[in-house]
Amino acid sequence: MSTATGTTAPPKLSVRDLRLSYRSGRRRNLALRDVNLDVADGEFLALVGPSGCGKSTLLKIVSGLVAATAGTVAIDGQPTRGTPERVGLLFQNDALLPWRTVEDNIRFPLAIGGTPLPEQRERVKRLISAVGLDGFGAYYPRQLSGGMRKRVALARILAADPDVFLMDEPFGPLDAQTRARISADFLALWEQVGKTVVFVTHDVDEAILLADRVAVMTAGPGRVKEEFQVDIPRPRSIDDVRFSAPFRELRHRISQSLRTEFEPTDAGDGR
Amino acid sequence: MPSFTRAARGLSGRREATSRAPSPGAPGPDAAGRTPSATGPTAAGHGRDDRAGVSADRADTSADRADLPYDEADRRADRRHRVILYGGRVLVGLLTLALWQLASGRWVRAFFISSPTAVGGRLVDLVTTGELWPHLTVTMEEFAVGIAAGTALGVALGLAIVYSGIVGQWFHPYVMALYSLPRVALAPLFIVWFGIGLASKITMIITMVVFVVFYNVHEGVRSIDPDLLDMARGHRATRRQTLRWVVFPALTPWLLTGLRLAVGLALIGAVIAEIVGSSAGLGYYIKTSSNLLDITGVFAGLAVITTIAMIFDFLVGRLERRLLRYR
Numbered sequence: 001m002s003t004a005t006g007t008t009a010p011p012k013l014s015v016r017d018l019r020l021s022y023r024s025g026r027r028r029n030l031a032l033r034d035v036n037l038d039v040a041d042g043e044f045l046a047l048v049g050p051s052g053c054g055k056s057t058l059l060k061i062v063s064g065l066v067a068a069t070a071g072t073v074a075i076d077g078q079p080t081r082g083t084p085e086r087v088g089l090l091f092q093n094d095a096l097l098p099w100r101t102v103e104d105n106i107r108f109p110l111a112i113g114g115t116p117l118p119e120q121r122e123r124v125k126r127l128i129s130a131v132g133l134d135g136f137g138a139y140y141p142r143q144l145s146g147g148m149r150k151r152v153a154l155a156r157i158l159a160a161d162p163d164v165f166l167m168d169e170p171f172g173p174l175d176a177q178t179r180a181r182i183s184a185d186f187l188a189l190w191e192q193v194g195k196t197v198v199f200v201t202h203d204v205d206e207a208i209l210l211a212d213r214v215a216v217m218t219a220g221p222g223r224v225k226e227e228f229q230v231d232i233p234r235p236r237s238i239d240d241v242r243f244s245a246p247f248r249e250l251r252h253r254i255s256q257s258l259r260t261e262f263e264p265t266d267a268g269d270g271r
Numbered sequence: 001m002p003s004f005t006r007a008a009r010g011l012s013g014r015r016e017a018t019s020r021a022p023s024p025g026a027p028g029p030d031a032a033g034r035t036p037s038a039t040g041p042t043a044a045g046h047g048r049d050d051r052a053g054v055s056a057d058r059a060d061t062s063a064d065r066a067d068l069p070y071d072e073a074d075r076r077a078d079r080r081h082r083v084i085l086y087g088g089r090v091l092v093g094l095l096t097l098a099l100w101q102l103a104s105g106r107w108v109r110a111f112f113i114s115s116p117t118a119v120g121g122r123l124v125d126l127v128t129t130g131e132l133w134p135h136l137t138v139t140m141e142e143f144a145v146g147i148a149a150g151t152a153l154g155v156a157l158g159l160a161i162v163y164s165g166i167v168g169q170w171f172h173p174y175v176m177a178l179y180s181l182p183r184v185a186l187a188p189l190f191i192v193w194f195g196i197g198l199a200s201k202i203t204m205i206i207t208m209v210v211f212v213v214f215y216n217v218h219e220g221v222r223s224i225d226p227d228l229l230d231m232a233r234g235h236r237a238t239r240r241q242t243l244r245w246v247v248f249p250a251l252t253p254w255l256l257t258g259l260r261l262a263v264g265l266a267l268i269g270a271v272i273a274e275i276v277g278s279s280a281g282l283g284y285y286i287k288t289s290s291n292l293l294d295i296t297g298v299f300a301g302l303a304v305i306t307t308i309a310m311i312f313d314f315l316v317g318r319l320e321r322r323l324l325r326y327r
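Same order as they appear, the protein sequences are chains A and B.
Here the first sequence stands for residues 1 to 271, where the numbers follow the UniProt record's numbering.
Here the second sequence stands for residues 1 to 327, where the numbers follow the UniProt record's numbering.
For the record, the hints were derived by calculation from the structure and aren't laboratory data.
We treat Cβ as the ideally placed atom computed from N, Cα and C, and that holds for glycine.
You may find that some hints are simply not true.
[To be verified] Here are a few chain B residues that face chain A, going by a calculated C-beta distance under 8 Å:
1. Leu228
2. Met231
3. Arg236
4. Ala237
5. Gln241
6. Trp245
7. Val246
8. Arg327
Please construct the entire structure, taking both the sequences and the accompanying hints into account.
Dropping the structure here:
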């Protein structure tokens with residue numbers, strides 16, 4: 001359905017010279033340093049990097065939850081202020097409201113946005129089906145497994161229907177099997193809607209399997225170091241892709257690029 | 001021992017089962033993943049492989065509760081558990097009363113410790129002669145108004161101090177200093193200021209209640225999961241929407257704990273203020289009985305107060321079960 005638009009198209013999301021410093025005790029630390037990033041409309045970008053490189057922070061800045069020290073974030077060429085309307089953030093932990101049922105949790109963005117209640121219910125019903133949670137609408141998050149909670153969080157972000165999905169290691173705490181299944185389901189959903197995605201992960205395999213493009217970040221202070229185009233045709237079958245030659249070759253190159261980031265000599269010399 | 005914990009788990013599972021079950025068409029909670037036929041292939045399939053994730057996700061240990069099969073054996077274990085629990089409780093109470101009855105007049109002079117039968121007889125007298133009602137209604141009125149005002153004030157103060165930023169920080173240590181005041185010592189002062197009527201009693205109860213509620217709200221707000229607040233902000237929720245969907249529900253357990261403690265404290269406050277200066281109320285009755293060396297009367301008054309405390313504790317417990325059933 002969707003194709004990654006070429007570099008000539010205006011970027012959906014544009015990050016320019018983004019910098020974030022914070023005070024820690026008496027020192028000021030630099031978390032992000034001159035981050036530049038363009039994401040085209042409908043493109044799936046994966047961000048990989050060592051832990052602590054500010055990947056999550058970058059997403060929080062784009063979604064307006066953290067204020068940058070310097071630099072701009074623009075959506076459709078318009079610089080953002082506060083919490084941008086067309087951006088949705090999927091949290092690392094699922095951030096479900098424990099006192100609300102699955103239905104109510106998914107309904108949350110619609111209720112906040114003032115959608116009439118009958119329409120809310122109608123859409124929630126469809127979303128519950130879309131993420132494969134039929135019959136669980138009246139359950140509380142506590143009663144669900146980790147994988148099912150992820151699906152609820154996913155349905156909630158789909159209810160908000162943003163143009164740009166920001167996903168912060170969304171499937172991180174799951175076990176490998178559940179993760180593979182949810183990734184596959186998510187990929188299928190995304191290939192239908194074709195919205196812009198920025199997907200943070202530390203898993204190179206996951207990044208290549210899902211994304212059109214993989215950006216590697218440096219160890220803190222974070223900066224975009226290198227970008228890799230993923231030329232694997234869609235729709236992708238995760239199981240097939242994993243054993244293909246282009247996948248293995250790309251994984252090798254990205255791992256190389258990342259590996260240097262994990263070496264202590266590189267981390268400190270402020271390249 | 002193992003069967004005991006199993007019974008307890010079964011008990012909580014059952015409570016969820018009855019409080020949930022939204023519509024007759026919905027699959028039973030215990031069919032969550034165990035019986036694929038009940039939930040349809042998709043959901044059951046996910047349920048099965050997702051459960052593999054439970055072991056990896058430590059925050060998730062209670063998730064299997066939903067899948068706990070609940071059958072006749074569990075029901076029987078529950079029943080036995082309840083019989084042991086409540087039977088034992090009643091037994092402890094009865095034994096204590098029996099020991100008291102035995103001691104009275106045998107080991108200790110009945111004048112000093114009265115006896116359960118004497119106290120019981122007095123309670124019957126108090127009810128039949130109608131002497132109890134004016135005292136009871138006065139104390140209950142003080143209690144109701146005092147606890148309502150104290151709780152409201154505590155919530156308002158807690159929210160104000162947390163959300164007023166630096167200004168709240170200025171006031172916070174003074175609130176804690178006031179908390180450490182022995183409020184019993186203030187009772188005479190309140191009588192001087194507000195007279196021996198309702199006002200002084202309510203003031204006393206408020207000073208007893210407000211701090212517990214304040215402290216619980218304060219801690220409660222600070223312990224709200226920041227991710228939930230970020231989530232609300234990310235969806236551009238207004239302040240009111242955030243309060244409704246996130247802050248107040250998160251505060252509910254804290255408020256209930258505060259309320260539970262407040263019930264006892266409010267009764268203490270009412271009785272103390274009544275003892276210091278009043279013309280009616282259970283505290284007044286206790287004081288006059290005590291002045292007349294009528295120990296039976298003192299115990300009868302205490303029994304009524306204890307009963308009130310237990311009733312309200314039970315009611316708050318009920319409310320808690322209802323409001324916190326999501327746990």
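Tested hints:
1. Leu228: For Leu228/B, the interface hint holds, since the closest Cβ of chain A sits about 6 Å away, which is under 8 Å.
2. Met231: Hint holds; Met231/B Cβ to chain A Cβ min 4 Å, cut 8 Å.
3. Arg236: Holds. Min distance 5 Å.
4. Ala237: Given a least distance of 5 Å, the restraint on Ala237/B holds.
5. Gln241: holds, 6 Å
6. Trp245: holds, 6 Å
7. Val246: holds, 7 Å
8. Arg327: This hint holds: Arg327/B lies near chain A, its Cβ roughly 6 Å from the closest one there, short of 8 Å.
Of the numbered hints listed earlier, not one is contradicted by the structure.
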